[in-house]
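Chemist: For the sequence shown, the positions run -21 to -1, 1 to 117 when mature numbering (1 follows the signal peptide of the UniProt record, and there is no 0) is used.
Simulated from the structure, these hints should not be mistaken for laboratory data. None of the hints are false.
Below 25 angstroms or equal to it, Euclidean Cα-Cα: the simulated SDA-like pairs (lysine to any residue) are:
no., residue 1, residue 2
1, Lys46, Arg101
2, Lys81, Ile106
3, Lys46, Ser105
4, Lys83, Glu73
Using C-beta positions, here's what the derived DEER-type ranges look like:
no., residue 1, residue 2, range
5, Ser39, Leu104, 23 to 33 angstroms
6, Asn84, Asp13, 38 to 48 angstroms
7, Ala61, Val18, 36 to 46 angstroms
8, Ser105, Leu25, 30 to 40 angstroms
9, Asn17, Glu59, 38 to 48 angstroms
10, Ala94, Gly115, 38 to 48 angstroms
Fair warning: this is a prediction, and the values are worked out from it, not measured in the lab. Yeah, the Cβ is synthetic: ideal placement off N, Cα and C, and Gly gets one too.
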Amino acid sequence: VHAALNILALALPVTLDKTLTQEGDGGRNVWTFDEKANVKALNDYLVPLNMQVFGIQRVSNKFDARKQCERRRYEYLLPEFALDGKADAAKLEEVMSQYVGKNKNFFNFTAKIPAEDPSAKRHILSITCRPTEIEGNA
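All chains should be built: construct the whole structure from the sequences, respecting the hints.
Modeler: Next comes the structure, spelled out in structure tokens:
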């Protein structure tokens, strides 16, 4: 699985340490979050995993990254042998173009969602098919 530019939500425990400072604000405690210091700390941990954090944004407790995203981009690699050795990117793109558009029903590709459920409808912006060479045993 390959993922790029994913947004995820996680609850980080807040403790008063060198990356967080507490300031008084009319009797309320307000926490100041040092984004740069925390991005660096996360990246120091993630480097061995070949992952990187580009930024941190505070959100409400009700935020759900999966359900509240504006769009998603998927990339699939299909080996030539799956096309019986007759790889034709232009023909494949022509066939796949029927899925482009608003309100296309993809209930067959969802988990237990009936065809009548509005959440089974998708809006596909574009489909592009092109030959790609893969080096090594990727």
